[in-house]
Amino acid sequence: MKSWLTTTDHKRIGLLYFWTAFVFFLLGGIEALVIRLQLAQPSGHVVSAETYNQLFTMHGTTMVFLALMPLSASFFNYIVPLQIGARDVAFPRLNAFSYWVFLLGGLFLNASWFVGPLFKAGMLNVAPDGGWFGYANLTERQFSPGPNIDFWLLGLQILGISSLAAGFNFIVTILNLRAPGLKLMRLPVFTWMTLVTQFLIITAFPVITVGLVFLMFDRFFGAHFYVHGAGATPLLWQHLFWLFGHPEVYILILPAMGIVSEVLPTFARKPLFGYTVVVYSGILIGFMGWGVWSHHMFAVGLGPIADSVFAATTMLIAVPTGVKIFNWIATLWGGDIRGTTALHFAVGFIAMFIIGGLSGVSHASPPADLQQTDTYYVVAHIHYVLFGGTIMGLFAGIYYWWPKMTGRLLSEPLGKWHFWLQFIGMNVAFFPMHFIGLLGMPRRIYTYSPDLGVSDLNLVSTVGAFLIAVSLLVFIANLWRTRSRGETASNDPWGGATLEWSIPSPPPVYNFSVIPTITSRLPRWRTELHAPMQDPPATPPGPIHVPGGSWWPMVAAFGLPLMALAPLTHTLWLAFVGAGVLIVGIYGWAFEPFEV
Amino acid sequence: MTDTSRVRLWLVTLALALSGCAGPFPQSTLRPRSDFAQATDSLFTDIFWWAAAVFVLVEVLLVVALVRFRHREGRPAPKPAHGHTLLEIAWTLAPAVILVFVAVPTVRTIFTSSGEAPADALKVEVIGHQWWWEFRYLDLALTTANELHLPVGKPVRIGITSADVIHSFWAPLLGGKRDAIPGQTNYIAFRADSVGDYSGQCAEFCGVSHANMRLRVIVDSDTAFGAWAQAQLGPPATPPKASPAEQGRAIYARSACIGCHLIQGVSAGVIGPGLTHVGSRTTIAGGILPNDSAHLAAWIADAPALKPGSLMMRMKPPLSDADIAALVAYLQSLK
Amino acid sequence: MTHAAHAPTAHYTSMGLDSRKMAFWAFIGSECLLFGSLISTYLVYKGRSVVGPYPHDILNIPFTSVSTFDLLMSSLMMVLALAAVQRGDMKWGKIWLFSTALLGLVFLGGQVIEFTEFVHKGLTMSTNLFGCTFFVLTGTHGAHVAVGVLWLLTLWVRALQGRLGPANAMTVEITGLYWHFVDVVWIIIFTVVYLIQ
Amino acid sequence: MADTEVREHAHPTVDVYLRVAAALVILTVLEVGVFYVPAFHGVLVPVLLVLSAAKFALVIMFYMHLKADNKFFTFLFGAPLLLAVGVMVALLFLFYGALTLRGAAGAG
Ligand code: HEA
Ligand code: HEA
Ligand code: CUA
Ligand SMILES: [Cu+2]
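Protein chains in written order, with my numbering: chain A, 1 to 596; chain B, 1 to 335; chain C, 1 to 197; chain D, 1 to 108.
Rather than coming from a laboratory, the hints here were simulated on the basis of the structure.
C-beta: ideal position from N, C-alpha, C; glycine also.
One thing to keep in mind: the hints can contain errors.
List time: in silico DSS-like cross-link candidates among lysine-lysine, alpha-carbon distance up to 27 Å [stated by the list, open to error]:
#1 LYS79(B) / LYS183(A)
#2 LYS67(D) / LYS2(A)
#3 LYS120(A) / LYS67(D)
#4 LYS241(B) / LYS335(B)
Facing chain D, a subset of chain C residues (Cβ under 8 Å, in silico) [claimed, not checked]:
#5 MET15
#6 SER30
#7 CYS32
#8 LEU43
#9 GLY139
Could you build the full structure based on these sequences and the hints that come with them?
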C-alpha cells in the first residue's frame, strides 16, 4: 500500500492513471446512460431539468479531462519510457505529483455531486451545470449564483496543473532520455505523437487557465471580464476557451493515432508505410490546430472575412489527417494481417474516425454549420471522433499493451465480443444523431417535443448506448478474468518491432537490464539493412540503483484542492493552509535526497 | 430533380424509415423555405456528396485490404514497404483539390448570406430573454413575443441580440441560426418563399429552461400580415362591463403582474413578455404551451412548475382559483 | 530537486542537455502563452471601459519607471550572482543573490504602494474594465515576482548554510532564467500598459 | 558529452553583463523620454515597440544566454513565443477588425 502511495515508478503511476481514469470513464458513461434514458422519449421525466444540465456538463467534462486525457497519460507513463529505452521518466517525483493532482482534481469535481447539503442545497444539486465549455456570461454569478460553476472552474484549474506538469516531464523525457542511437526519426510513432501532444498541452492549457482566472475574478471579486454592461464581451471567453479547446481535441486524438500507428504494422507484419510523412503530418496537425479555433464560433457573428479564413484553415486540417489515413491503409495493404482484437480496434478507429472527420468538414463550412451548430449533428461528430476515434484507439492500445503492463494476455474471444458489441453499439447510438440534428433537435436540451419527429431515432440511440454499456461489461469481465486466468505473456506475444517488447512482461523495476543501443527504426525486426537487435540479458550484469518512493509529491498535491476550497467556502485561512501545504511539499521534495 | 432535392429525399426517407412515423419534421434543416435556407442547404448537399465519395473510397479500400491480406497459413512474409513518394504526393493533393471545391462555394455563400438586405427590407429586432423571445418591428413600432409574423416573399432583416445571457435564434426551415449576444447585434436576412407556420427554438445553452425556449415564425400572405400588424398596433381590448374579463383586469391591475408585464394603458412592466395582445397568440411561455384556458390558468398559478426555473415565479400569496379564472378570461379577451 | 538530484554524476542524456534546464525552458515557453493571453486581453479591452478612472488619469510613469529600473538592476544582480557561483566565489554569490531578492522585494513594495494608491483614487478590480485587466495582469506578474523572491531567498539561505556551491551552478542558472523571464515580461508590460496609453 | 557541456556553460563575462545592463538602462530612459516628448506622439507606438523589443532581446540573449546556448532552448522558448504573438495579433484583428470586416450589415 505505502509503496503505491509513494511510488515514483513510471509503470506503477501508469497503472494508477489507468485505473483511476477507467473508473472516471465508467462514471462519465453512466452519466451518458442517464442522459440517454431521459431522451429515450419526448418530454422525458427521468431527471429534472437542473439534474440533466449537471449530467451533460459532468459527462463532457469527465470524459474529456478525467477519462480520455488520463487514459492516454497512462500509456505515456507506462509505454513511452519503455519505447525509448529509459529507466524512468526525467522527473519521477513530478510524475507522481501529476498523478495525485489529477486524482484530487477529479475527486474535487465529482464531490460536487454529494456536497449539496453543505451549501444548503439538495444532493445532486451543486454539480457544474454550464456545459463542458462553460460559456460566459451564463457562468457569471448573476446567472449562476450557486457553487456549481465554482466547482467546475476550480476543478479545471487543478487538473490543468497536473497536465502541465506532465507535459514538461514528457517533453524532457522523450527528448533527453532516449537510448543511444535512438534518433528522433527512429522514435516509435506513438512516442512521437506523445511528444506533439505534450507541446499542445503546455501551450494550450495556459490559455484556458487565463480564461478560468478571469471567470474566477468575475465570480468571486466582482471583476467584469465577461460582462457586457462594463464594455466587455462574453465572446472573450469563447475565444480563450476555444483557443484551448481546439488544440485540446487534438490532444485527445493524437495519442490514439499514435497507438494505431503501432498496432497496424505489428499485426500486418509490415513497417508503417510512410513513417516520415505520418510523423510530419502529426506535427502539422498539432501546429494547424492552433489556427482554427473560431470554427466553434461561426454563429457568433465574426463577419464574413473571419469566417472565411477560419473555414479555410479548418478544412486544411483534413489534408494531413487524410494522409495519415491513407498511410495506414497502405500499411495494411500487402501485409499478412493477424486479426487480433487490438487490430480490430485499430481498424475500427480508421473506419469510424473518418465518419467524424467528414462531418467535421461539413461543420467547417460556416453557412452549412449555421444549420448544424449546437444540434445533435455536432453531437454525432464529436462522438464519432471521440468514441469512434479516441476510445477505439485507446482500446486498441489496451489490448495491445495489457500483456506488457500486467504480464497476462486479455482473452481474445471476449475481446472480439467486446469489439463487435461496441462497434455496433456506437453506430446504433451515434449514427442516428446525424439525422436527429439535421431534423432540428438542438443539443443540451433535457426535453423535446414529440412534434419534432425524432422520438424514434432517439429511442434507437438510447438502445445503442446500452449496447455500448453491455460491451463494456464484457470488457470488465475480460479484465476480471485475466487477473487470475489470463494466459501469461512472454516478452513479446505479438512480435512487435519496438523496444518495449524486448524486456519481460511486466518489466522489472529497472526496465532494461542493459540500456540498448539502437541502430534502426524497427529495432526488433529484420529489415533490408539491419538484423534484429539482441534483447537485453534477463539479469542485469551489475546492481541497478532504483530510487525509493517519496511522500512529498502527494503532500504538495494536497495543497491545491485545499487552496481551491478557500474561495468555495469563503474561508480565507484555508488558502493559507493550502499554500502552506504546497510549499512544505515542495521544500520537502526539493531537499530530500533522491537519486534519479 | 436537382441534387438538393434528391439528397433531401434520400435523407428524409431514410429518417422516415428509421423513425417509422410520418412526421412532417417541423424543424428539419433539409426542407428550406427561404433563399437563405436554400443557399445553406445546397452547400451542405455539395459537401455531403464529396464526403460520401471520400467515405466510400476509404471504407472500400479498408475492407479490400483486410480481406485480401488477412493472414493465411503458408503465405510468405510480406515485403517491407517503407513508403512511396508519388503516392504520398497524390493523396496529399487529392484531398486538397476536393477541398478547393468545397471552399469556393463556401466562401461565396458566406458573403451572400452575411445578413445584408435591401434597404426596403422589413426590419425586426429579436431579443432573447431567459427563456422567451421578444420581437420588435422597428418600422412598425410594434412589439410582440414568441411568435414572429412575417410577410411571404418580402425581404426581411433580423437583428438578433440578448437581454441577458447568450441565446441563439433558429427557425431551421427559414435559415441558419445566429447567436443572440448581449451588447452585440447579429443579422440574418432572408425572404420566406411560402406561407406557413415554422417552428424553431433557442439553440445556445442558456440555463435551466434552454429546452423550453421555443418560438414560431408565422409567414403570412401580404394581406394577412398587414391585417395582423394593424390589429397588434391597436389598443388592448376593453372587456365588457361586469364580465369576468373586466373583473380579471381589476385583479391584474392590483396584482404583481403589473410589475413585470406590459399591457398598454394598464401596466408598464418590462421583465416579462408584453401581454397587450396575448390572446392573439397561439402559444404561451416560449412556445411550449398552447394558449388555452387550462394552460393559462396553470401557468399563472405556478409558472415554474410548467417551466423549470421560469423567472415568472409562483405568485405569493397564491391567487385564488376564481381570481385565476378571471385573469384567464381577461388575457384571452386581449386579442 | 534543487540539490541532491543534481549530484555531479553526469547522467547520460540524449541531447547532452541538462534535463532540468530543458524542462525549465519548456515551462518558460508555456508561460509565454499565459502572459500572452493576459496581455491580449488587456489590449482587446483597451479603451472599452465605460467609466473612469482611465489609464491616463492614474498611471504614474515616473514612479513606475523607477520600479522598472529596479527590476532591470535585479536582473543584473542575478547574472552577477550566477557568474560568482560559477567561479566558486560564494562570498559575492551570497551578496548578489541577496541583492537580487532585495530588489525584487523593493519592486513588490512599489507595486503594493501603487495598488493602494489606485484603490484610493477609486480604481479597483470591479470599477471598470481597465481595473479588471490592469490588476489581473500586473497582479499575475507580481505573484511571479513574489515566488521568485521566495526562491532566491531560499538559495541565499542555502548559501549561508554552505550548501550551495559551484556544483549547484545549474540551480542558480535556472533560478536566473525564471527571474529574467519575469523581468522580460515586465519590459513588455511597462511598454504596453504604462507607456502606450 | 564533454563538448556539449562546455558549450552549455560558455556564458558571457561579467563585462558583457555590465554593458548589457547599461544598454538596458539607456533604452529605458529613451522609452520614458519618448513618452514625454510631444514630437514623438505620432510614432509613439512603433518606437516604443521597437525599443522594448530590443530590451526583450538583450535580456533573453545575454542574461538568459540564449545567444550562446544550445539552439534547442531557443526553439523551446521561441516557438511558444511566436504562437503567443500570433494569437495576440489574431485576437486584435478579430476584436478591432470586427466592425469594418463585418461590412455594412455587421456595422449596425
Ligand atoms: C478527437 C476530437 C476531435 C477531432 C479529431 C476533430 C476533428 C475535426 N473537427 Fe471537431 N469537434 C470536436 C472534437 C474533434 N474534432 C468536439 C468535441 C467538438 C464540439 C465541441 C463542443 O461544442 O462541445 C467539435 C466541433 C467541431 C466544429 C464546431 C461545430 C459547431 O459547434 O458548430 C467544427 C467546425 O468546423 C469541427 C471541425 C472539425 C474538423 C474539420 C476536424 C478535422 O480534424 C477532421 C479531419 C479528418 C478527416 C476529414 C477525415 C480523413 C480525411 C481524409 C480521408 C482525406 C480526404 C477528405 C476530404 C477531402 C474531406 N469540429
Ligand atoms: C470525450 C469523450 C466522450 C465519450 C467517450 C462519450 C460517450 C458517450 N456520450 Fe458523450 N459527450 C462528450 C464526450 C464524450 N461522450 C462531450 C464533450 C459532450 C458535450 C457536453 C456538453 O455539451 O457540454 C457530450 C455530450 C453527449 C450528449 C449530448 C447531451 C446534450 O447535448 O444534451 C449525449 C446524448 O446522447 C451523449 C451520449 C454519450 C453516450 C451514450 C456515450 C457512450 O459512449 C458512453 C459509453 C459508456 C458507458 C455506457 C459506461 C458503461 C458503464 C457500465 C458498463 C457500468 C459499469 C458499472 C459498474 C462497474 C459499477 N454525450
Ligand atoms: Cu435561450 Cu437557449
Ligand atoms: Cu475545433
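**Asked** Which numbered hints are broken by the structure, listed smallest first?
**Response** Numbers 2, 3, 9 - these are the hints that the structure violates, sorted from lowest upward.
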